[in-house]
Amino acid sequence: MEASRVSGSFRDPSGFVFSHSGVVYRQVNTCYREDYDLLMGSGLYQSLADDGLLVRHEETSEVQSQYPDQAYRVLRPDQLPFISYPYEWCFSAFKDAALLTLEIQKRALKHGMTLKDCSAYNIQFVAGRPVFIDTLSFEKYVEGLPWTPYRQFCQHFLAPIALMSGTDIRLRRLLRPFIDGIPLDLAAKLLPYKTRFSFPLLLHIHLHAKTQRQYADTAVSKKSFERKISRTSLLGLLDSLESAIRSRTWRAAGTEWADYYSDDSYTQAGLEHKKLLVEQYLDEAKPKDLWDLGGNTGLHSRIASSRGVSTVSFDVDPACVEMNYLQMRKDKDENILPLVLDLTNPSPALGWNNDERMSLAQRGPVDAVMALALIHHMAISNNVPLGMLAEFFAGLGRWLIIEFVPKGDHKVQKLLATREDIFPDYTSEGFERAFQGLFTIRRKETIRESTRELYLLERK
Amino acid sequence: MTVCTVSAAKRVLAMAPLVALLTVRPAHAYIDPGTGSYVLQAIAATVLAGFFVLKTSWSQFRERIARLFHKKTPAGPADGS
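Chains as they are written, first to last, in the numbering used here: chain A, 190 to 649; chain B, 2 to 82.
These are computed hints drawn from the structure, not numbers from a lab. Keep in mind that this is a model prediction, so the values were computed, not measured. Glycine residues also receive a C-beta, built at the ideal position from the N, C-alpha and C atoms. Certain hints may be false.
What the hints assert, rightly or not - Cut-off 27 Å, straight-line C-alpha distance, at most; resulting in silico cross-link-like pairs (BS3-like, lysine-lysine): (1) B:56 with A:295; (2) A:464 with A:477; (3) A:521 with A:477; (4) A:649 with A:295; (5) A:477 with A:295; (6) A:649 with A:633; (7) A:475 with B:56; (8) A:633 with B:56; (9) B:56 with A:378.
Unchecked claim - Here chain B is said to cover these stretches of chain A; the calculated rule only asks that three of the stretch's residues, wherever they fall, bring their Cβ under 8 Å from a Cβ of chain B: (10) 192-204; (11) 333-342; (12) 390-398; (13) 421-430.
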């Protein structure tokens with residue numbers, strides 16, 4: 190099989206990521222030789238990898254990329270189970286990613302190195318923790334030189350965190366159109382006036398934006414670029430950025446979905462029966478990986494993760510995902526990753542040539558998909574025909590655990606209360622008819638003390 | 002947390018050209034650090050260095066006192082040394 194360069198790996202001339210026979214490798218180019226040797230020889234790699242802060246790799250000569258003439262080394266990093274993007278992270282995940290980046294920068298300085306970029310896309314969540322994945326982001330530290338990725342850190346981390354905390358949690362979505370982080374002038378406009386009285390935000394966002402504006406069209410002499418920044422000054426800057434990140438808070442509570450399992454959707458017996466059925470269906474399907482779509486706070490995702498299934502738990506509600514993430518952290522659950530995702534408009538392919546960041550579907554398929562108490566929101570609130578839903582799910586995974594919520598259910602009645610019922614096919618029979626073209630029904634049970642039905646379907 | 006007014010900060014910014022006195026070789030990077038960001042960082046880092054030195058000195062002083070009395074100190078801010 191041919192090696193192919195990963196399309197999002199092109200900015201840094203130090204090397205690139207490629208895949209070969211389904212395994213991801215990283216080529217270190219000859220021009221990065223000195224810095225790579227320093228990373229490995231200074232003890233920095235060992236220190237970071239031992240503490241799980243940087244992805245581990247081994248050097249290999251088994252494969253070569255399509256550009257072997259530029260190669261100094263080929264690395265085989267630990268393979269990642271799932272790639273997530275900052276516009277899918279909840280608030281605390283974002284904070285953890287930012288703090289990890291600063292911690293890595295501080296450790297790098299101790300070993301005579303520094304980060305040369307601070308992209309949020311350099312962070313992935315593995316086994317319940319953020320991990321830095323770009324092994325080529327380090328360079329030799331020269332005292333006196335400024336920290337090149339200062340602006341990038343503010344755009345990629347501080348601005349979104351400050352906006353989510355201070356303005357509106359939904360502003361995380363700005364990272365989708367602004368792939369290189371939120372412009373600081375926009376962040377400054379959107380943040381409430383009171384953030385000017387927080388010294389770190391005043392400095393790193395408001396004055397930063399103002400200085401950027403001031404120098405945007407000004408011809409600057411070469412001397413202006415040659416300001417000396419001592420090591421202590423740089424540590425002061427990092428300390429201030431850390432304070433700015435740590436002081437931002439957001440409390441997840443009070444949304445419609447965050448209280449879902451404590452409302453009247455199920456009786457206690459019904460909820461227990463539903464959990465039991467999910468357990469049985471998972472034991473039958475035996476998936477290695479699973480996406481729980483509409484996973485809420487992760488109640489059912491945890492049934493999968495506790496069985497060692499690599500589980501991504503998606504939900505549209507940032508409060509639910511935040512609670513799910515905090516639970517994951519508390520439990521030290523290594524098999525679950527909670528992410529924010531609007532299924533009516535899932536993450537698209539983005540960036541250069543629409544090929545830099547993968548769409549949701551491009552990151553699949555997985556062994557199993559779970560869609561519990563979800564279908565009525567897609568079919569009725571979003572008018573998606575059942576046949577199109579079947580096609581969507583069939584593209585994502587082999588097994589489908591899906592709950593059908595009939596029209597008689599009070600949740601569906603609520604959705605139909607203020608609109609005309611234009612869904613004559615939305616019945617149990619209509620559901621089965623639509624899905625049986627692509628799936629075989631393996632199990633079907635009615636959840637106790639409810640009219641809802643839980644199916645285990647296998648793609649044909 | 003330190004409170005600073007916008008007008009005071011504007012005065013600091015206005016002084017920016019005066020700060021450009023010391024020189025080292027320019028950085029070469031594959032990402033653009035941005036001119037404004039570069040200038041602000043130089044000023045901010047100088048100011049923040051003072052705060053940082055005070056903070057770490059105070060933290061070290063507290064640790065010494067605590068050791069003197071054989072008391073355990075609570076976990077302080079992340080080590081920035």
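Quick rundown of the hints versus the structure:
Note on residue 56 of chain B and residue 295 of chain A: the hinted pairing holds, with a Cα-Cα distance of about 16 Å set against a maximum of 27 Å. Only pairs whose Cα atoms come within 27 Å are accepted, and residue 464 of chain A paired with residue 477 of chain A is accepted, the gap being roughly 19 Å. Restraint check for residue 521 of chain A and residue 477 of chain A: satisfied, since their Cα atoms lie roughly 19 Å apart, inside the 27 Å limit. Between the alpha carbons of residue 649 of chain A and residue 295 of chain A the distance comes to roughly 53 Å, so the proposed pair goes past 27 Å and is violated.
Taking the CA atoms of residue 477 of chain A and residue 295 of chain A, the gap is near 37 Å; set against the 27 Å cutoff, the hint is violated. A C-alpha spacing of about 17 Å is found between residue 649 of chain A and residue 633 of chain A, which places the hinted pair at or below 27 Å, so the restraint holds. Proximity of residue 475 of chain A to residue 56 of chain B is assessed by CA-CA distance (about 54 Å); at most 27 Å being required, the pair is judged violated. At most 27 Å may separate the alpha-carbon atoms for a hinted pair to count; residue 633 of chain A and residue 56 of chain B exceed this at roughly 63 Å.
About 32 Å separates the Cα atoms of residue 56 of chain B and residue 378 of chain A, which puts this hinted pair outside 27 Å; it is violated. Given as covered by chain B, the stretch 192-204 of chain A passes the check, having 4 residues with a CB less than 8 Å from a CB of that chain where 3 are the minimum. Counting residues of the stretch 333-342 of chain A whose beta carbon lies closer than 8 Å to any beta carbon of chain B gives 9, which meets the minimum of three for the stated coverage. Using a Cβ-Cβ cut-off of 8 Å, 6 residues of the stretch 390-398 of chain A lie near chain B, which meets the minimum of three, so the contact claim holds.
Residues of the stretch 421-430 of chain A with a Cβ under 8 Å from some Cβ of chain B number 9, which satisfies the need for three, so the listed coverage holds.
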